[in-house]
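Sequence order for the protein chains is A and B. For the first sequence, our numbering assigns the number 1 to the initial residue and increments by one for each residue that follows. For the second sequence, our numbering assigns the number 1001 to the initial residue and increments by one for each residue that follows.
Don't take each hint at face value.
Only pairs whose alpha carbons sit at most 25 Å apart, straight line, appear in this in silico DSS-like list of lysine-lysine [as the list claims (entries may be wrong)]:
hint, chain 1, residue 1, chain 2, residue 2
1, A, K230, A, K114
2, A, K360, A, K349
3, B, K1172, A, K230
4, B, K1221, A, K349
5, A, K308, B, K1221
One side of the interface only, derived from the structure: several residues of chain A facing chain B at Cβ under 10 Å [as the list claims (entries may be wrong)]:
hint, residue
6, I211
7, L286
8, I289
9, L445
Because the hints were derived from the structure by calculation, they are not lab data. Ideal Cβ positions, reconstructed from N, Cα and C, are used throughout, including at glycine.
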Amino acid sequence: MPVIFITDAFIFLLLAMVIGFVFYARRHEHLRAPWREVAKRPLAMSAAVVLLVYIVIGLLDSLHFHPALDEPDNQGNTVYSTEINSVLDLLLNDLRQNTERTYSAPLAAHAFAKEIIEQEDGTQVRDYPRLLYGGAYLNNPETERVPDILLRSFIGILMGVFIGSILLLLFVWLQAKRMQLNARNIFQRLIKDELDVPWYAILLTVSVLLIIFSIIFQLSGHYHVFGTDKVGQDILYQAVKSIRTGLVIGTLTTLVMLPFAIMMGLMAGYFRGWIDDVIQYLYTTLNSIPGVLLIAASILLLQVYIGKHEAEFTSLEQRADLRLLFLCIILGITSWTGLCRLLRAETLKLREVDYVQAAKAFGVGNFKIMMRHLLPNVMHIVMISIVLDFSGLVLAEAVLSYINIGVDPSMHSWGNMINGARLEMARDPVVWWSLAASFIFMFLLVLAANLFSDAVRDAFDPRLRGID
Amino acid sequence: MISYILRRILYAVPILIGVNVITFMLFFVVNTPDDMARMQLGMKRVTDEAILKWKEERGYNKPVVWNSEAQSFEKITNTIFFENSIKLFVFDFGRSDNGRDISYDISQRMWPSLAITVPSLLLGLFSYISFGLILAFFRGTYVDVSGVILCVIMMSISGLFYIIGGQYLIGKTLHLVPISGYDTGWEAIKFTILPVVVGLVGGIGASTRWYRTLFLEEMNKDYVRTARAKGLSETRVLYQHVFMNGLIPILTGVVVLLPTLFIGSLIIESFFAIPGLGSYTIDAINAQDFAIVRSMVFLGSVLYIIGLILTDISYTLVDPRVRLN
């Protein structure tokens, strides 16, 4: 039985908008040209592949439902569990359910701390107990574990290389058909980077990702690749589940603030006079309140609200989801001022341009002038600020969660993982894996976003042409 | 000049009133004192008398903006709005929800914050500008390309990891300086080293790249071409012409930061247990002490606005093209 969270609805709205924009941009040369520029950069295309993987995982995690229970009730109807799962949970079912009792190191077969174990003859010894799932099928982990891991990794690499080669062949075959050339010719062009898009970079990234995925796939069935946390949950599962939170914060915040920023910026620049004064006053005032404090105050308010209306929330997930949406809105309120100011400055310049003056002379309405003549000409600023803001927002989520004013503590997020891992660093020996996992996942996403946004900025910003 | 400054200051007044109204709405209207009391005393099992007592102790039992029972001026002054919001304008912050004098706390906690932020700013400016200049000087070469790549990589790492990594590496493994804490007098220096270094390293990526772009933009201007055309060496062009002109945006960018140095850095202070205003704020957020949060919001906005005014003034001083009107 499907469940739609508010943020899910927004995510799919955003997806629909992006698809719509793609179709629109395909038919307009001035929008296509900068994107073609982006597509020519190998680094940007590799980053795009990584981003796409994250987005697919995030989307899979946004399809929520109540799973059906195995046993129907006495009238034969299917009974649904109160639990809410996503399609991603279904795919990662093993990871989700194979929980240990407490900490265990990555790829370990034994627990992290000593416990008293009762042996078969009734005596008790203090030793590291075997894990319930990690390497559980090995008879003698001390000798078998390392060869087993190596063997599985090797199989994983082979599998990755195999799928990668199939993709390569498929690609060469398709291109050969499209360009009416023989396969060898295409292959040479691919390696020498003579195709219209740097496909070698894309294929290389895809292959590397495939190899990593197949190694993890091979290992994760029998081990905890990134170890387990205090309550024994698999760290890899947590890190993957956190992807959705990061993406939601990075994209929905912008989506929420965009209409305000665009409307206000255009109006201030176009009408000038008292409208300009009011809007300037508004954003200077909002800007002068320290962002973190505004967020903190609002989150405190939300907590009070939730406390008062506890009955309205049917599940913990829904509560966490509302908080996530609220956080996006607040982050949007604190961050729309920058874009608004840029748009205002640009509109001030544009309103004096001939075609706007001509439109005015022909008696075109103000709203129509803003929509048809001003908006398309400031879109590059909007585009640049969307992609530039994304990585900053993902990083901000971690910091906010650390001071407990970020997402709900029950929600999977990198910030919450880091926050939890903070105290574990003081343990001896150090529990480093949960920190490492969140670091790797976050770093990859933010790095890819930064590289991609650089390319977008260079392609869209006419001012920067010729500098780098 | 003086009339210009006066005008700028007068312009700040409505903004401060706006900030004040927003914070008042957030803390007293959207979220009534009853809610606050309930939150402080525990959500469920709390009696009405306990709430009343809590409100009375903190003066939240008065009417919100208009006291119809009081005499003459008291009608306005004896209200929550006057007591808690208007008084902020004369920096009378009142008492925190657990009874401490906020003004005293702020005056005490300001110094540790400054001990971290001032060295961070100075060292940061020096090193980031140097790195930026070096990359700009070597533009287009491998030094520049690898430098920019390194910057992007460093930018992509969350600040939290720099802090945790620095604490672990320098404090715990190498035992060079204490991991966290603070002391009075000169002893404090050894506690400030790690936060300053961590803050510095964490900012390298974004700042170096920013300064590099700034200098490169400056290098594309006409006067640079003229300087080169008359035969000046590249070093001289870079250090005498580009650097000097690049200083204008840098200086004005720094001036806006100066007042906010008092507030300190929230994250660094709470990680390193520095008893400054940043950790004061975080503690208040965690303890849900609305009085402190409210005061800090106001103080933060005042400092930000002072920064804006200083920026405008410094523009007119540094750049003769900017006219006072």
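State the violated hints by number, sorted upward, taking the hints as numbered earlier in the document. 5 and 6
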